[in-house]
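Starting from the given sequences, assemble the full structure and let the hints guide the process.
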Amino acid sequence: MKVVCSILCILVSLMACQPEPLDVKLEEYEPEIVVSSQVVPDYLMVVGLTRSFTVLSSAGFQGEGDTALFEQLLVDSALVTIESSLGVDTLFQLSPGLFASVNELEDPGGTYHLTVKDYDEGKTATASSTMLKNIPFDTVYPYINEEEELIKMNVEFTDEKDVPNFYVLSVYSRNTNNGGIDVNTFFENGSNNIEYLELITDKEIDGEKIVRDFGLFDVSTKDSLMVSLSNISEGYYSFLVSRERSGNILAEVTNEPINYPSNVENGLGYFNTHYPSLQFFDLTSLNE
Amino acid sequence: MSGTVTDAQSGEAILFASVFCQELGIGTVTNDYGYFNLELPLDSAYVTINYLGYKPKTFLVTTDNVSDLDFSIEKEPNELEAVTIKIDRTPQEEIHNSTQMSTVKIPIEDIKYIPSIGGESDVIKVIQLLPGVQKGGEGGTGLYIRGGDVDQNLVLLDEAPVYNIGHLFGFFSVFNQDAIKDMTLYKGAFPSKYGGRLSSILDIRMNDGNMQKFHCRGGVGLLSSRLMVEGPIWKDKGSFMVAGRRTYIDQIFKWVGSFLPYYFYDLNAKLNYKINDKNHFYITSYSGDDLLSFDQRDVEEESPFNFGFSLGNLTATARWNRIVNERLFANYSFIYTNFDYNITGRFDENSLRISSAINDYGLKVDYELFKNHNHMFKYGGMAIFHQFRPNIVNTQGEFTEFLESDKGEPLGTLESGVYFQHTYKKDSSKWEFRNGLRFSGANVKNKNYGGIEPRFSAKFVVDSNSNLKFSYSLMRQYMHLVSSSTVALPTDLWYPVTSTVKPQTSHQFASGYSYFINRFKTHVSLETYYKYMSNLTEYREGANLLLNDDFESELLQGNGESYGVEALIKRDHGRWNGWIGYTLSWSRRFFEELNGGDPYWAKYDRRHNVSVVQNFKISSNWHFGAVWVYSSGSRFTPQTGLYAMPNASLTGIDWIPVYTKRNAVSMSPSHRLDINLVWKSKETRRFKGEWHFGAYNLYNRATPWRIEVVPDENGGFKYIQPGLFGFIPSVAYNFEF
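For the record, the sequence lines run as chains R and S. Going by the working numbering, 161 is the number at position 161 of the first sequence; the sequence numbering is gapless. Heads up: take any position in the second sequence, counting from 1, add 1000, and you land on the working numbering.
Don't read these hints as lab results, they were simulated from the structure. C-beta atoms are modelled at their ideal positions from N, C-alpha and C, and glycine is treated no differently. Some clues are possibly wrong.
Stated by the list, open to error - Result set (PhoX-like, lysine-lysine): computed pairs, CA atoms no more than 20 angstroms apart in a straight line: (1) S:Lys1661 / S:Lys1617; (2) S:Lys1425 / S:Lys1371; (3) S:Lys1718 / R:Lys25; (4) S:Lys1371 / S:Lys1407; (5) S:Lys1661 / R:Lys25; (6) S:Lys1181 / S:Lys1075.
To be verified - Here are some of the chain S residues that sit facing chain R, going by a computed Cβ distance under 7 angstroms: (7) Ser1002; (8) Gly1027; (9) Thr1637; (10) Gln1639; (11) Leu1642; (12) Val1658; (13) Asn1700; (14) Ala1702; (15) Pro1704; (16) Trp1705; (17) Tyr1719; (18) Ile1720; (19) Gly1726.
Okay, structure coming up:
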């Protein structure tokens, strides 16, 4: 009887054919300019430019570590200008896909208008961003919690009153043997690790002191840290929330797919000009 | 004259049977409980009772014998079915003759030869073959009716709401065909007694149980087996019915030394007792669960890991039918429903349990007043207390570090409604009207919602065979389903309106032409509808609903509209019967915070739908059933591009997909042929047996459910649309004795 049942199960499994998938043609995807930006206080403003590409490209995406493809996407020949009340600033090219300005920054409330002319593709993308007020730390310090045997970080800052604010608070680490972190080497000496990232809105705490005390589970006293606090626009906050929400496997499986918001006309990504408050710590000093 | 029409063999009440006086040209139909009242302004008249599959029964009614009449009717012998054209009245004919429109009534007998996956008839899969009803994903039990959403259907089993109608992530419905008597689907023109959902009411009635003799029916299939036993407790006074179904693929795997720790089961039970001619009690219960219990120790000794979930409904209805006097019929029901899920896991000393539940306690009172054959009144009320216990978490060991125990915030909602309905027909007029008004409300967390729900239906008699019909319904809904929008998970949860989440409402207008071809007992209907829906609920893009206590912050409300044309040609009996349905429809959504504020098509907005359902009696031993369906593709949001952005650490890159606008792409049309060949292997006076040989998706055509990118033959990439189910054969044996 067992044999009969086994044969029956196998027979049904075999006969339950998987149907041949149907082909479908979709409207051809048109690549767009992708903008990203970062202000490094008292140092420079960097604009990163790449191009998006169709998933049907013969040079298709080969995985997370596909740096060869990334290099092909860098915009190498472009005129990049930023117009503000201080005038029109033409950015110089640091490297393929990376353009920078070392000119004086706008005062809070001033608006930057970015224009990118991609000579290779003959496309133009524009975006605007307002420089928001820098919010300083009231206090920020790492400490060792002996009871929990854990390095923790305490951060306090005061929200700007009567203004809707959105903040991103982040902590980066790098082992001091790899050179540690400072403002000049942030993009150098290998990868930083992101230890903490929190998006904060003052929706229910307008004008109040905001206090955070959190553990840094993967940090040791051989590391150095950079703590960054940025007052960002609502649009960029939405962009970061979208990235955060779609960044887990459950969301990818169960949720409707989403396109990240963008402030770039005829392009993708986000042009932002937030001015972060930065603090650096060498944790080797905690041993002392 | 008044009374209850019953089956002569079983004593079961027959719903929607016709009671007609040819001489006077007046008639009526039995109500939802088999009761009727007919005013005869003569001292004597002949009256005929008709119902599909039964011998018509004609009485001479006089003032002397009216209180002694027996309204039981006998089933038509099977032998006659193949060779005669019967004159019995069909449920669809009764709908044609009434003001009711946008409604389909299907006795369970009509669907037992319709092919289905696994060889077992499934009432929900049959509903999906009707015009105006879109299925969700392939094989699923999702119902999207006239452009509505899946949570806008009120499914009632003997008046108790059933929250989860699917087993195995929705591939099988929870309704055991042997326990069901019939079902009625209202897509519009809603009678005033119904409320609480925007898009449909599916009213399913269970067998009462045979009052005359013991009877047994069942079936053995590849996936499950079922058995129903019914019989008298006290002949002609009371009866019982018990039905059970269980999948046993887990047991077969276990038997052959393999491992598949999943099964589902259903249990239905009903008791009824007739105290006297005027009072009748019924008690009904349904219980069903999906159970998964994976214990790694079953395959590996001393393993520290196990995982499981259970998900199920429990319903109970206690009902009292009372004939207050010849003109007034009353029904009182007490209803209980429970739906819950539990997820458990253990690893070493660490354990996790997540559960959610909803309990309903309801009371319902309905009156039907038969004033005369020109006026009929229905009125009543209901109150139902919903008790919600979402996301109860219990963790032990190291699990507590990342998931704290939480008792969940219990929440109670009182939903209530009162209604009044008047059906009016003047003898000399071609018009017949049904006007109704319902007032419904809900109270939650000290917030009150409520409003009136006008209902209107009218029939204009064009000639003896054809009618024009018009209707308007306003519906309000005080609950919604908390679910991600792409897949059905066991963690999908019902949740009530709150101070910020407002009730959904809909306005539906419908008009139709109904034609009945008496010679062939075939009903032809053509209907158009327009439905505007307000305060529909969707979730923020990327919303995380699992274990999220703050649903409200993730909810968005917007509007929607749907419109379309539906055609149905339906023949309920005869050697060749079945139906052909066609739907042309549109369904859109308007949410300010979704899709960049642009309108978008609903996920199951399918432009064309065709269904051909045919049963053919080849001979007294052989029967053939076939279903062919064609659907325009459902909507999908495919990935079309990719770009790179600096990652959170600013020293690497993230690859970010680019999608089309929401639901912008209509996938390829799908079509499918299912067949079922029935061989009545043995039929004696005491025993009937029949083999079902079926095939689902006979020509193995894919029904697209998503769009994927795969490498093509030229070294590049291409889009493809995979399907879930191909050709699936089935064999089943059904018996009855």
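Name the hints, by number, that the structure is in violation of.
Numbers 1, 4, 7, 8 and 16 - these are the hints that the structure violates, sorted from lowest upward.
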